[in-house]
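K.L.:
The sequence shown runs 291 to 519 under our numbering.
Bear in mind the hints are in silico, worked out from the structure with no lab data behind them.
Hints may be right or wrong, so weigh each one.
In the DSBU-like style, the derived pairs of lysine-lysine whose C-alpha atoms are separated by at most 35 Å in a straight line are [said to hold, decoys possible]:
| hint | residue 1 | residue 2 |
| --- | --- | --- |
| 1 | Lys486 | Lys498 |
| 2 | Lys403 | Lys510 |
| 3 | Lys332 | Lys380 |
| 4 | Lys369 | Lys486 |
| 5 | Lys340 | Lys320 |
| 6 | Lys296 | Lys369 |
| 7 | Lys403 | Lys296 |
| 8 | Lys400 | Lys332 |
| 9 | Lys369 | Lys380 |
| 10 | Lys333 | Lys296 |
Note that this is a predicted model, so its numbers are computed, not measured.
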Amino acid sequence: MSRDYKAELEALADIKYRDFSSALIPNIEKQRVMGVRLPQIKKLAAEISKSDWREFLSCDTGETLEEKLLRGFVIGMVKVPLCERLDLVKSFVPLIDCWSVCDSFTMGLKFVKKNRAEVWEFIQPYFSSEEPYDVRFAVVMILAHFSDSEYAQRAFDIFDGIESEDYYVKMAVAWAVSVFFVHAPQETWSYLKDNKLDDDTHNKAIRKIIESRRVSDGDKRAVRALKRV
Numbered sequence: 291m292s293r294d295y296k297a298e299l300e301a302l303a304d305i306k307y308r309d310f311s312s313a314l315i316p317n318i319e320k321q322r323v324m325g326v327r328l329p330q331i332k333k334l335a336a337e338i339s340k341s342d343w344r345e346f347l348s349c350d351t352g353e354t355l356e357e358k359l360l361r362g363f364v365i366g367m368v369k370v371p372l373c374e375r376l377d378l379v380k381s382f383v384p385l386i387d388c389w390s391v392c393d394s395f396t397m398g399l400k401f402v403k404k405n406r407a408e409v410w411e412f413i414q415p416y417f418s419s420e421e422p423y424d425v426r427f428a429v430v431m432i433l434a435h436f437s438d439s440e441y442a443q444r445a446f447d448i449f450d451g452i453e454s455e456d457y458y459v460k461m462a463v464a465w466a467v468s469v470f471f472v473h474a475p476q477e478t479w480s481y482l483k484d485n486k487l488d489d490d491t492h493n494k495a496i497r498k499i500i501e502s503r504r505v506s507d508g509d510k511r512a513v514r515a516l517k518r519v
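Required output: the full structure, derived from the provided sequences and hints.
P.N.:
Set out below in structure tokens:
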């Protein structure tokens, strides 16, 4: 690879931002965080996606947060047929090792909008994975690209079947329920009143809804009454 992308990322690093961002990702060693802001990583990813992206993806990912984010953003930006794109996504998921990489990568997969039926089927196996970040990836895919009335009941059935005790999986499910509350309120009201979520995840979902700026004060009061003791 002619360009040294790690060196380019290092040149963009901000020590103060590194300290801030690493504190938000406690399971990643501080030395694996450079401190490069997302807009800068996305700008570099856009350059790569229009040039030597196949060569870039053929090289080792690297162990830093920013190198993984760069790879994920490139995969989301390149213009390839759906089958190849899904293969690239599949190759990236095992590299996810924190919520930041998971969520940033997943939110950047804009191709999903025009391929929802195919992508819905693609993510199904991840829900039964024993790897927490596989499951979180699939849950965040739902909240990012399927949080509407069309998919609400199917999503809720999946959430009820997730048995992971991992904190980041539970938080993803809670976050997803809160997003559905905004986009599919009628279905989500029914779900909140009768679901199979464990009490911790259910109450986390209630908290996320109450914290949302997109939910009315009246709805927040009503939702608060559904908290489990």
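K.L.:
For each hint, tell me whether it holds in the structure or not.
P.N.:
Outcome of the hint check:
Only pairs whose Cα atoms come within 35 Å are accepted, and Lys486 paired with Lys498 is accepted, the gap being roughly 18 Å. Pair hint Lys403 plus Lys510 holds up; C-alpha atoms about 30 Å apart against a cutoff of 35 Å. A C-alpha spacing of about 20 Å is found between Lys332 and Lys380, which places the hinted pair at or below 35 Å, so the restraint holds. Restraint check: the Cα-Cα separation between Lys369 and Lys486 comes to about 40 Å, which exceeds 35 Å; the hinted pair is violated.
Under the criterion of a C-alpha separation no larger than 35 Å, the hint pairing Lys340 with Lys320 is consistent with the structure, at around 31 Å. Annotation: proposed proximity of Lys296 to Lys369 holds, straight-line Cα distance about 23 Å (limit 35 Å). A distance of roughly 31 Å separates the Cα atoms of Lys403 and Lys296; the hinted pair therefore holds under the 35 Å criterion. Taking the CA atoms of Lys400 and Lys332, the gap is about 14 Å. The hint holds against a cut of 35 Å.
Restraint check for Lys369 and Lys380: satisfied, since their Cα atoms lie roughly 16 Å apart, inside the 35 Å limit. For the suggested pair Lys333 and Lys296, the alpha carbons sit about 14 Å apart, so the restraint of at most 35 Å is met.
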